[in-house]
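Turn these sequences into a full structure, and let the hints steer you where they fit.
Residues in the sequence shown are numbered consecutively from 10, following the working numbering.
Hints are computed from structural coordinates only; laboratory data are not their basis.
Computed Cβ-Cβ distance ranges for the label pairs, DEER-style:
1) Q98 x D21: 18 to 24 Å
2) A144 x E33: 18 to 24 Å
3) T20 x P127: 32 to 38 Å
Capping the alpha-carbon separation at 25 Å, the derived lysine-lysine pairs in DSS-like fashion look like this:
4) K61 x K136
5) K136 x K84
6) K61 x K130
7) K39 x K84
8) K61 x K84
9) K130 x K84
Backbone N, C-alpha and C fix where the C-beta goes; we use that ideal spot for every residue, glycine too.
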Amino acid sequence: MKEGDRTGTFTDETWAIWEPLIEEVRPRGKTPPHDLRRTIAAIFWRHENGAKWRSIPAELGPWWRAAQLFIRWAKLGVWERLLALVQEQQGVAFGMTFLDGTNIRAHHKAAGAQKKGPLSKSETIVKHLAAFAAAMAQKSA
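Here's what the structure looks like:
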């Protein structure tokens with residue numbers, strides 16, 4: 010992803026690493042996904058920034074395309090397979106440690122509650138993949 014670029018689009022070098030991994034795990038349908046590079050960048054951007062789908066910058070394509078691809082792939086288990094493949098290629102420990110120096114107080118009844126919904130696991134996985142992509146971009150810069 011371009012350094013200093015607020016949209017987090019993939020550089021050619023970074024995409025050259027990600028494309029074969031994504032092609033290996035993505036489902037084969039009647040038609041290939043439209044502009045996959047930009048759509049994956051939009052999905053990673055959304056999960057890096059914690060924004061809503063509609064907040065995805067226009068240069069990353071329509072927000073609904075990114076949301077639709079994320080949901081479809083989450084239901085098919087593509088994100089889990091992609092994370093396993095990345096871990097196999099790059100090592101399990103890379104990108105799996107996140108340190109945060111903030112202190113946030115939660116309601117006393119909020120302790121230990123699991124996220125609800127069928128997509129919560131995929132969202133966490135995509136956050137890991139987005140962090141990994143950002144780390145790869147910093148290495149190549």
